[in-house]
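K.L.:
Go ahead and model the full structure; you've got the sequences and the hints to work with.
There are 2 protein chains.
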Amino acid sequence: MQIAIMGYGVVGTGVAEVICTHAEGLKKRAQEEIEIKYILDIREFPDSPLADKFTKSFDDIINDDEVKVVVEVMGGLTPAFDYVKRCLESGKSVVTSNKELVAAKGAELLKIALEKNVNFLFEASVGGGIPIIRPISQCLAANEVDEIIGILNGTTNFILTKMIREQMNFQDALSLAQSLGYAERNPAADVEGGDTCRKICILASLTFGKHVYPETVYTEGITNITLEDVEYAAAFGSVIKLIGRVKMLDNGKMDIVTAPMLISRDSQLASVDDVFNGIMVRGDATGDVLFYGKGAGKLPTASAVVADVIDCVKHQHARKYLFWADGKPEDVLPFGESFTRLYVRCESDNKEQAFKDSENALTHIKRIYRDGEEDKEFAFVTCEDSYKNLLKSIASLEEKGVTVLSKIRIASL
Amino acid sequence: MQIAIMGYGVVGTGVAEVICTHAEGLKKRAQEEIEIKYILDIREFPDSPLADKFTKSFDDIINDDEVKVVVEVMGGLTPAFDYVKRCLESGKSVVTSNKELVAAKGAELLKIALEKNVNFLFEASVGGGIPIIRPISQCLAANEVDEIIGILNGTTNFILTKMIREQMNFQDALSLAQSLGYAERNPAADVEGGDTCRKICILASLTFGKHVYPETVYTEGITNITLEDVEYAAAFGSVIKLIGRVKMLDNGKMDIVTAPMLISRDSQLASVDDVFNGIMVRGDATGDVLFYGKGAGKLPTASAVVADVIDCVKHQHARKYLFWADGKPEDVLPFGESFTRLYVRCESDNKEQAFKDSENALTHIKRIYRDGEEDKEFAFVTCEDSYKNLLKSIASLEEKGVTVLSKIRIASL
Chain X
1 MQIAIMGYGV VGTGVAEVIC THAEGLKKRA QEEIEIKYIL DIREFPDSPL
51 ADKFTKSFDD IINDDEVKVV VEVMGGLTPA FDYVKRCLES GKSVVTSNKE
101 LVAAKGAELL KIALEKNVNF LFEASVGGGI PIIRPISQCL AANEVDEIIG
151 ILNGTTNFIL TKMIREQMNF QDALSLAQSL GYAERNPAAD VEGGDTCRKI
201 CILASLTFGK HVYPETVYTE GITNITLEDV EYAAAFGSVI KLIGRVKMLD
251 NGKMDIVTAP MLISRDSQLA SVDDVFNGIM VRGDATGDVL FYGKGAGKLP
301 TASAVVADVI DCVKHQHARK YLFWADGKPE DVLPFGESFT RLYVRCESDN
351 KEQAFKDSEN ALTHIKRIYR DGEEDKEFAF VTCEDSYKNL LKSIASLEEK
401 GVTVLSKIRI ASL
Chain S
1 MQIAIMGYGV VGTGVAEVIC THAEGLKKRA QEEIEIKYIL DIREFPDSPL
51 ADKFTKSFDD IINDDEVKVV VEVMGGLTPA FDYVKRCLES GKSVVTSNKE
101 LVAAKGAELL KIALEKNVNF LFEASVGGGI PIIRPISQCL AANEVDEIIG
151 ILNGTTNFIL TKMIREQMNF QDALSLAQSL GYAERNPAAD VEGGDTCRKI
201 CILASLTFGK HVYPETVYTE GITNITLEDV EYAAAFGSVI KLIGRVKMLD
251 NGKMDIVTAP MLISRDSQLA SVDDVFNGIM VRGDATGDVL FYGKGAGKLP
301 TASAVVADVI DCVKHQHARK YLFWADGKPE DVLPFGESFT RLYVRCESDN
351 KEQAFKDSEN ALTHIKRIYR DGEEDKEFAF VTCEDSYKNL LKSIASLEEK
401 GVTVLSKIRI ASL
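Sequences listed follow chains X and S, in order. Position 289 (the first sequence) corresponds to 289 in my numbering; numbering is contiguous. Position 49 (the second sequence) corresponds to 49 in my numbering; numbering is contiguous.
Hints were generated in silico from the structure; no laboratory data involved. Hints are supplied without guarantee of correctness; some may be wrong.
Note that identical chains are pooled: a pair holds if it fits in a single copy or bridges any two copies.
[Said to hold, decoys possible] List time: in silico EDC-like cross-link candidates among lysine to aspartate or glutamate, alpha-carbon distance up to 16 Å:
| # | residue 1 | residue 2 |
| --- | --- | --- |
| 1 | Lys27 | Glu144 |
| 2 | Lys376 | Glu398 |
| 3 | Lys105 | Asp82 |
| 4 | Lys298 | Asp288 |
| 5 | Lys298 | Asp284 |
| 6 | Lys28 | Glu144 |
| 7 | Lys314 | Glu35 |
| 8 | Lys314 | Glu33 |
| 9 | Lys366 | Glu384 |
| 10 | Lys53 | Asp41 |
| 11 | Lys247 | Glu147 |
Keep in mind it's a predicted model, so treat the numbers as computed, not measured.
P.N.:
In C-alpha cells:
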C-alpha cells in the first residue's frame, strides 16, 4: 500500500521514522507493506534518506491513484482542510493528528468520508500516543458514557506540576517548559486553554454524536493561577489542573467547559503529573476508566498516526464506528447555567468583615487557610450553584470593596 | 442478530441486563437489533422476564443456525471448552469473559476461529470493563511493546490497600473482602496469584504472539505478606502490590512472573488502590500508557462482553488482529534466571552480626528501618541479581542461623 505524508515537521518526521524502523512489524500487522510514496513539504531535505520522496506539489498526491492513504500532519486549517477534503473526495483515506482541523471541520469531513466509503481517522489528535478515540467509540460501545474529564494538555500540566511541587511561579515554570521544548515560543494555545478546548470538543462530539465547535465552549486558561492559589488548593486537599470536561445532562444538553479546576487528591486524576495526560471516562456500566500516558511528543503521536494507517490498510472502507453529525450551538448548555463549586481568594483591608460579607453574599461558604497567609488575604470555598449566580454574588461582594483575586472551579468527581 | 448466552451467573445476568436496558443504543451502534434467543443454564428462572429464553440443552444452541454469536460466561474449562470449540467449529462467533479458558486454550480456539473465519473475542477476560485487549492489539499496532506490568486482580488489591492504609492484617482484610462480596469463599485463585497469572499470560500471548501457558509461569500470592512488610516497604518509599509482569528479552525469551512486588510511590501504579486494576503498557514509541478502572464486577465485565458482541455483529468474519500461535515452555525464561532486586526481612538473636553476615552473603545491600522495629528484626534491600543467585545467598544466610521471614521482589520501573 502506497501512502503520502503531508507535512514533515515533528510529527511527520516521527511518522516516517516509525514506518521505516518498524517496517517488518507493520507489514505483519497490516498484512501488506506500507510504502511512503510522497512527502509533501515546502522545504527541501536533500540529505534525508527519503530525499527522493519529497514533493512541493499537492497535485502529485491527489492525482496519483496508487496513493490510497494520506497522512496529514501539517497542522492548522489552511491548507490542511482543503487538501484533506480533496483527498477524501477523490476516494483516499486520510489519517490526521491535527486537532484544530478535527475540532473545526470533523462533522463535514466525516460526512464526506462516509459518502465516499473511505476512512477519516484521527486517534493522534487527542492524547498523543494514548489510545482514546478508538476505546471510547468501540470498547465502550455497550456503555452509556455520561461524562469525560481530562487533563489533555501536557505543557500546562508540566507548568502546574512545577508550581505545585517546586513552588515555581507561573512565568518561571513556563520559561522552563519553553527551554525544555515542551512549550512553544508563543504558548497561547496551551496556556490559554485553546488546545484543551479543541480536544474536549473532539471527545464530546465523538461520545455524544453531535459536533461541538470550540467557539461555543467556555474556555479559561492557567495564566492567572498563582502560587497562593496552589497553596490554598493544597490546604483544601486538592491540586489545580487544567481540565476539559463534558457531561451529558438529562435535558439533552452538553455541559462542557475548559478551565483550571481544583481536583481532590483522592482522584486518580490528581496524580497525573508532568507532561502526562489523563482522561477519565465515566460510563454507566464500566464506572470510571482512566487512560494515562504521554499526550504529545514526536514518537507517541507518530505511533498513533501509524496505527491509524494500519487500520486504513486493513479496512479500506469507512469504519462506521467513527462518526458524528453536525451540531448546533443550542446543544451546549450556556456556561452561566453550569453548576459548580468555586474556590475564591480575596483581599481586603478589613478581612474579618469582608469574610462576613462573603458569608452573606454567598450562603454556606467554608473558609480555608494557608501557611503564611498575608494580612489582607482570605479564601473560601462555596457550595454548588450555577456559575451565573456565583458570579453575581461575587460581583456584589466586589461592590462592597472586597478585591476578588482568584476564582477557580472545584471539580465534582 | 440472534445470540445465545451460556451461563446465567453474575456476568451472564449482567450481559442480559446490558442488552435489555441499552437495546436502543446497541441497535444504533451495531446497526442491527441484538436479540437473546437462548440462555443456557442448568438452573431454572421461572420469574425472570427472560424465562422463555432458558434452555438446559446445549444442542438447542449448536443446532440453531440463526444463532450467530454465542456468549460464554460459565467460567471454568468443563464444559466451557467443549462448547466453545463446537460453536466455533460450526461457524458461530464466540465472546467470552472466561480467563481460565483463554489462558489454557486460547491458541487452539483462535486457530479454529481463523479457519472458520469467525470471531473469538475476550476483551472481558482481562481488566473487566477496562478496554485493554483491543487497545494493545490495535492502537499500539505501530509500537514495539516491550513490557506489560499490571495490577490485574481487584480482590488482592483491595486486601493490600486495607493493609497499607488501615494497618489491617491479611486475614482481617480478606474477611472484610469476603463480607463485601469482593472475595470468594474459597479465595485461593485470587490470593495465591492464579487469577493474576492467567491474565498476564493472556496479555503476554497477545503482545508477543505466542501462547504462554499459566503452568510455565512462576506464581506467588500475597498470603505471606505481613504488616511488617508493608511498613518496611513504606520506609523504602514503596507500596506492596500483586503484580503480573512480562518483558521481552533480547534473546527472544519472555521474562514473565506473578508475584507481590514493592512498587515505588513515584509510579502511577502505586496509586491504583482498592478494587481497581491498572495495566501499564510500555511501548518503544508511546512510552508508558496506563489503563485504569474496575477490573471486575457484574456490569463492567458485562459491558466489555457486550462491546465484543457488537464487534461480532458488525464484523462477522474473523478479526485478524487478534491472534497468537501456540507456544512452547522454552519461550519462557526459567524464573531463576530472571533479574530482580529483593527486599528481605530477617530475624536473629544477634541482629547486628546477622546483618554483617547478610552484607557478606549478598554484596551491596542497603539496610532499611521501620518505626517500632522489633529487637530481633532487621531488613534490607539487595542489588539486582538473578533470582537464583539471590536465593542461593539467602540460603547461605539461613545456614548461619538467620531466620529469613520475607523476601519480596522490588519492581524495576
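K.L.:
Hints first: check each against the structure and report whether it holds.
P.N.:
How the hints compare with the structure:
no. : hint              : verdict
1   : Lys27 <-> Glu144  : between (36 Å within a copy, 13 Å between copies)
2   : Lys376 <-> Glu398 : within (15 Å within a copy, 65 Å between copies)
3   : Lys105 <-> Asp82  : within (11 Å within a copy, 51 Å between copies)
4   : Lys298 <-> Asp288 : between (29 Å within a copy, 14 Å between copies)
5   : Lys298 <-> Asp284 : between (35 Å within a copy, 12 Å between copies)
6   : Lys28 <-> Glu144  : between (35 Å within a copy, 12 Å between copies)
7   : Lys314 <-> Glu35  : within (14 Å within a copy, 29 Å between copies)
8   : Lys314 <-> Glu33  : within (11 Å within a copy, 26 Å between copies)
9   : Lys366 <-> Glu384 : within (12 Å within a copy, 51 Å between copies)
10  : Lys53 <-> Asp41   : within (10 Å within a copy, 62 Å between copies)
11  : Lys247 <-> Glu147 : within (4 Å within a copy, 35 Å between copies)
When the structure is compared with the earlier hints, no violation turns up for any of them.
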